[in-house]
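Trainee: Take the sequences, apply the hints, and build the full model.
Residue 13 is where the sequence shown starts when you use the numbering used here, and the numbers rise one by one after that.
Possibly wrong hints are sitting among the right ones.
[Stated by the list, open to error] Derived PhoX-like pairs (lysine-lysine); straight-line CA-CA distance at most 25 Å:
hint : residue 1 : residue 2
1    : Lys41     : Lys109
2    : Lys173    : Lys144
3    : Lys64     : Lys36
4    : Lys126    : Lys138
5    : Lys72     : Lys36
6    : Lys209    : Lys173
7    : Lys172    : Lys209
8    : Lys93     : Lys46
9    : Lys233    : Lys109
10   : Lys41     : Lys64
11   : Lys138    : Lys173
12   : Lys94     : Lys53
What the hints contain is simulated information worked out from the structure, not anything from laboratory work.
Predicted, not measured: the structure shown is a model, and the values here were computed from it.
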Amino acid sequence: MINLIFDIDDTVYDQLKPFENAFKATFGKADHLKIENLYIKSRFYSDEVYRKVVGGEMPKAEMHVYRITQALNDFDYQITKKEAEAFQHTYEQNQRKIELSPGIKEILTWAKKKNITMGIITNGSKEHQQHKINDLQINEWIPAEHTFISGGVGIEKPDKKIFELVEEQIGIKSAETYYIGDSFENDVIGSKSAGWKSIWLNRRQHIQPNNATYQPDYCIKNEQELAALLQDLL
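Mentor: What follows is the structure in structure tokens.
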């Protein structure tokens, strides 16, 4: 029997949608911009300063302004701090309207019928990520006691200790456990360093680093490929 542990952001729901809706509401149409590319840039700049935010060196509000401002600068599109703050406010409102992607919902339903042990590991503040879990209603499939938020447990991906904590708390074996996530560093490197199997859900078609310490066991592009893979694994 296999165990399935999921990431949240851009894994069980499409994080691009609330970003795109917020951008259009704040700035209107920007025909020369490809929103997905802008989103990827925004995530890059967010990741760049994430450690500073966690370490208390940069306020979260400052990070929010930084990531969208820098991302737009890369496309020769300048905005004011006030506009960046307005975008973030609208983005947060749209994040409260997130839904599980239909494909993931089918996978969760299938896995629950098969009595597959499932769980969640997600980075972020406890309150913010718990809101997402509640809005997604994911505890209909995954027990609340199987959800682990870095801000709640004091360890964050890619530290292998958070994966080892989940093993101990849920009572699963690393060799039988597959972690499904979108981040190469946090999800692939983190889970592989703990001895888990890794399924990289590469929605944004990022280039796979060839010189990384670990490589994913499987790389897929969408939920349809994930569903087919999991049925084969079982």
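Trainee: The structure should be examined with respect to each hint, and the outcome stated for every one.
Mentor: Hint check:
| no. | hint | verdict |
| --- | --- | --- |
| 1 | Lys41 - Lys109 | holds, 21 Å |
| 2 | Lys173 - Lys144 | holds, 23 Å |
| 3 | Lys64 - Lys36 | violated, 29 Å |
| 4 | Lys126 - Lys138 | violated, 30 Å |
| 5 | Lys72 - Lys36 | holds, 23 Å |
| 6 | Lys209 - Lys173 | holds, 16 Å |
| 7 | Lys172 - Lys209 | holds, 13 Å |
| 8 | Lys93 - Lys46 | holds, 22 Å |
| 9 | Lys233 - Lys109 | holds, 24 Å |
| 10 | Lys41 - Lys64 | violated, 33 Å |
| 11 | Lys138 - Lys173 | holds, 18 Å |
| 12 | Lys94 - Lys53 | holds, 20 Å |
Figure legend: structure checked against the earlier numbered hints; hints not met, in rising order: 3, 4, 10.
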